[in-house]
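Undergrad: Quick note, the sequences are listed as chains A and B, same order.
Quick note: the first sequence uses the numbering used here, first residue 8, plus one each step.
Quick note: the second sequence uses the numbering used here, first residue 2, plus one each step.
Simulated from the structure, these hints should not be mistaken for laboratory data.
Certain hints may be false.
Here are the in silico distance ranges between beta carbons for each label pair [as the list claims (entries may be wrong)]:
| no. | chain 1 | residue 1 | chain 2 | residue 2 | range |
| --- | --- | --- | --- | --- | --- |
| 1 | A | Thr9 | B | Leu134 | 43 to 49 Å |
| 2 | B | Leu96 | A | Ile49 | 47 to 53 Å |
| 3 | A | Gly46 | B | Gly135 | 42 to 48 Å |
| 4 | B | Leu75 | A | Pro34 | 34 to 40 Å |
| 5 | B | Tyr108 | A | Ala52 | 16 to 22 Å |
| 6 | B | Asp131 | A | Gly47 | 22 to 28 Å |
Short, incomplete list of chain A residues facing chain B, as computed with Cβ under 7 Å [as the list claims (entries may be wrong)]:
| no. | residue |
| --- | --- |
| 7 | Thr9 |
| 8 | Leu13 |
| 9 | Phe21 |
| 10 | Leu24 |
| 11 | Val25 |
| 12 | Val28 |
| 13 | Leu29 |
Glycine residues also receive a C-beta, built at the ideal position from the N, C-alpha and C atoms.
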Amino acid sequence: MTSHFLLLVVFSFFVSLVFGVLLRDDPRQQFRTGALMFGGFIATALVLGWLMFPFPL
Amino acid sequence: MTTKSTAAEPTRVAAEPGTLVLLCLVAWLVPGAGHLWMGRRQKGIVFLLAVPAMFAIGLLLHGRVFPFEFSEPLVGLAAVANLLAGAPWVLARLLDTGSGMVTAVTYEYGNCFLIVSGLLNFLVILDAYDVALGRK
Chain A
8 MTSHFLLLVV FSFFVSLVFG VLLRDDPRQQ FRTGALMFGG FIATALVLGW
58 LMFPFPL
Chain B
2 MTTKSTAAEP TRVAAEPGTL VLLCLVAWLV PGAGHLWMGR RQKGIVFLLA
52 VPAMFAIGLL LHGRVFPFEF SEPLVGLAAV ANLLAGAPWV LARLLDTGSG
102 MVTAVTYEYG NCFLIVSGLL NFLVILDAYD VALGRK
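Just need the whole structure built from these sequences, with the hints factored in.
TA: In structure tokens form, the structure reads like this:
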């Protein structure tokens, strides 16, 4: 398992799962919060990744 | 004239200091156990599965369970974060795993999983504490 993107997805899944369940009590709200957080993680990583593309370190 | 609140009163399950300390210790040792103790089964089971799974993935990715070397502050802080994972950390120390492989491409990812699993468990402990005090 060396795909950076896959690891990012797995990490985002677990963190979103824990935060979603931790922050909300209603299962539907938990799912919504977790899904929003998961989407936010992925979208932010992709956007930052593309922003860094022209400026390699 | 008294008014009745429609919101359910939070139940204070464990207000005794000794019980609270024991609750926090149990919640630290077994992620999610504090919630299970407080009757929050769904939350407890999710934490019981997610936190150790993250720690195990961190070990599989050749992450390092950091030693308590406070001469290097970041290593010391990472060790504290690892420690907060509870039983997975105890098992890793007992089985002498988590030495980390710096040359592995996934080394930093492994560290990230190991550290974040501990930090998440810390939040879970604080949440269980709040539940026990009737704040949630």
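Undergrad: Hold the hint about A:Leu24 up to the distance rule: shortest CB distance to chain B must be less than 7 Å.
TA: holds (5 Å)
Undergrad: Given A:Thr9 as an interface hint, is its Cβ closer than 7 Å to any Cβ of chain B?
TA: Holds: closest Cβ of chain B sits about 5 Å from A:Thr9, inside 7 Å.
Undergrad: Does the CB of A:Val28 sit less than 7 Å away from some CB of chain B?
TA: holds (5 Å)
Undergrad: Is it true that the C-beta distance of B:Leu96 to A:Ile49 lies inside 47 to 53 Å, as the hint says?
TA: violated (34 Å)
Undergrad: Confirm or reject the claim that B:Asp131 and A:Gly47 have a C-beta distance inside 22 to 28 Å.
TA: This hint holds: roughly 25 Å between Cβ atoms.
Undergrad: Does the Cβ distance between B:Leu75 and A:Pro34 fall inside 34 to 40 Å?
TA: holds (38 Å)
Undergrad: Taking 7 Å as the limit, does the beta-carbon of A:Phe21 come near enough to a beta-carbon in chain B?
TA: holds (5 Å)
Undergrad: Given a hinted range of 42 to 48 Å, is it respected by the beta-carbon distance of A:Gly46 and B:Gly135?
TA: At 34 Å between Cβs, range violated.
Undergrad: Quick check on a hinted range of 16 to 22 Å for B:Tyr108 and A:Ala52, using CB atoms only.
TA: Roughly 19 Å apart at Cβ, these two residues keep to the hinted range, so it holds.
Undergrad: When the nearest CB of chain B is found for A:Val25, is that gap smaller than 7 Å?
TA: Hint holds; A:Val25 Cβ to chain B Cβ min 5 Å, cut 7 Å.
Undergrad: Can A:Leu13 be said to touch chain B, with a Cβ gap under 7 Å?
TA: Given a least distance of 10 Å, the restraint on A:Leu13 is violated.
Undergrad: Does the hinted range 43 to 49 Å hold for A:Thr9 and B:Leu134 at CB?
TA: Holds, since A:Thr9 and B:Leu134 (Cβ atoms, about 45 Å apart) stay within the stated range.
The earlier numbered hints that this structure contradicts are 2, 3, 8.
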